[in-house]
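Novice: Spelled out from the first residue to the last, the chains are:
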Amino acid sequence: DVKVTQSSRYLVKRTGEKVFLECVQDMDHENMFWYRQDPGLGLRLIYFSYDVKMKEKGDIPEGYSVSREKKERFSLILESASTNQTSMYLCASSPAAMNTGELFFGEGSRLTVL
Amino acid sequence: GENVEQHPSTLSVQEGDSAVIKCTYSDSASNYFPWYKQELGKRPQLIIDIRSNVGEKKDQRIAVTLNKTAKHFSLHITETQPEDSAVYFCAASIFKAAGNKLTFGGGTRVLVKP
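Protein chains in written order, with the numbering used here: chain A, 1 to 114; chain B, 1 to 114.
No lab work stands behind these hints: they were computed from the structure. Keep in mind that this is a model prediction, so the values were computed, not measured. Even for Gly, the Cβ is constructed at its ideal location relative to N, Cα and C. A couple of the hints might just be wrong.
As the list claims (entries may be wrong) - In silico SDA-like links for lysine to any residue, alpha-carbon gap of 25 Å or less:
hint, chain 1, residue 1, chain 2, residue 2
1, A, K55, A, L78
2, B, K42, A, P95
3, B, K113, B, V13
4, B, K96, A, S75
5, B, K96, A, M98
6, A, K71, B, I94
7, B, K101, A, V12
8, B, K57, A, E102
9, A, K53, B, K101
10, A, K55, A, S82
11, B, K37, B, H72
12, A, K55, B, K113
13, B, K57, B, I94
14, B, K22, A, R44
15, B, K57, B, S9
16, B, K71, B, P82
17, A, K53, A, M98
18, B, K68, A, A97
Unchecked claim - Beta-carbon label-pair distances, calculated as ranges:
hint, chain 1, residue 1, chain 2, residue 2, range
19, B, N67, A, R44, 24 to 34 Å
20, B, L40, A, T86, 39 to 49 Å
21, A, S67, B, P8, 34 to 44 Å
22, B, G16, A, T5, 31 to 41 Å
23, A, S67, B, K96, 19 to 29 Å
24, A, S82, B, K57, 37 to 47 Å
25, B, Q45, A, R44, 15 to 25 Å
26, B, G16, A, D28, 40 to 50 Å
27, A, R14, B, E56, 43 to 53 Å
28, B, D59, A, K13, 33 to 43 Å
Start from the sequences and build out the full structure, keeping to the hints where you can.
Specialist: Here it is in structure tokens:
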């Protein structure tokens with residue numbers, strides 16, 4: 001059973017703080033993703049990675065960066081948190097396979113920036 | 001880039017009735033169309049997907065249809081049950097094994113009334 005674990009379920013931070021969101025998957029998946037989920041906007045892709053040390057921008061990368069030093073771990077970094085980054089952040093992973101496109105999501109990290 | 005529109009945003013049905021959710025996409029090159037279900041407080045999970053070489057796919061009470069010419073696809077749930085109450089997301093992508101970049105619709109909140 002695939003497990004994607006996000007380190008923090010709930011975080012409250014101050015404007016300007018640096019925020020780290022950690023995600024670990026245990027199924028040796030090549031691909032990892034960070035999405036943010038906002039009501040009415042669905043899930044929007046921030047960054048993704050298809051290999052260690054590889055990263056690509058998604059649709060809304062501004063204000064975010066990522067790090068993937070190990071295959072199982074993908075971190076999202078908010079260099080200077082702002083109130084408009086208050087959201088639910090979802091990490092996901094998937095295998096690099098042609099016969100499936102299924103994303104396996106973590107339970108989410110709800111970030112509030114005051 | 002790809003843009004996915006999803007309608008309706010909310011849907012209330014009587015138990016036993018059918019529910020239909022419709023999505024349109026903008027990029028004619030998109031060839032992979034999954035649907036995810038997110039129960040309250042839970043992570044999104046894949047329920048069915050379809051590739052562009054297929055017009056329809058069924059799995060028990062759920063089915064997805066694809067019209068490539070019109071660039072729209074739909075989710076059909078028959079004989080709805082209370083456990084079908086959830087938020088449903090459609091998505092589209094040009095499928096890649098290395099980092100399949102999904103664009104999601106805004107979501108449909110389905111309420112099945114007993």
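Novice: May I ask you to test the hint 19 to 29 Å on the CB atoms belonging to S67 (chain A) and K96 (chain B)?
Specialist: holds (22 Å)
Novice: Take a quick look at whether K68 (chain B) and A97 (chain A) sit within 25 Å of each other, Cα to Cα.
Specialist: Holds. K68 (chain B) to A97 (chain A) sits at ~24 Å (cutoff 25 Å).
Novice: If you draw a straight line from the CA of K71 (chain A) to the CA of I94 (chain B), is it 25 Å or shorter?
Specialist: Between K71 (chain A) and I94 (chain B) the Cα gap is close to 24 Å, so the pair holds against 25 Å.
Novice: Does the Cβ-Cβ separation between S67 (chain A) and P8 (chain B) fall within 34 to 44 Å?
Specialist: holds (39 Å)
Novice: Given the hint that K96 (chain B) pairs with S75 (chain A), does the C-alpha gap stay at or below 25 Å?
Specialist: Satisfied, since the Cα-Cα distance of roughly 22 Å is no more than 25 Å.
Novice: Given the hint of 43 to 53 Å, check if R14 (chain A) and E56 (chain B) actually sit that far apart at their C-beta atoms.
Specialist: holds (51 Å)
Novice: Keeping to a limit of 25 Å between CA atoms, is the pair of K55 (chain A) and L78 (chain A) held or broken?
Specialist: holds (16 Å)
Novice: Quickly compare the C-alpha distance for K57 (chain B) and E102 (chain A) to 25 Å and report which way the hint goes.
Specialist: holds (16 Å)
Novice: Does the Cβ-Cβ separation between G16 (chain B) and D28 (chain A) fall within 40 to 50 Å?
Specialist: holds (43 Å)
Novice: So if I understand the rule, the pair passes when the alpha-carbon distance is 25 Å or less; does K96 (chain B) with M98 (chain A) pass?
Specialist: Given pair K96 (chain B), M98 (chain A) holds - Cα atoms ~7 Å apart, limit 25 Å.
Novice: Starting from K57 (chain B), check that the Cα of S9 (chain B) is at most 25 Å away, please.
Specialist: With a Cα-Cα distance of about 23 Å, the restraint between K57 (chain B) and S9 (chain B) holds, given a limit of 25 Å.
Novice: Does K55 (chain A) pair with S82 (chain A) here, judged by a C-alpha cut-off of 25 Å?
Specialist: holds (23 Å)
In summary, the numbered hints that this structure violates are 7, 12, 16, 20.
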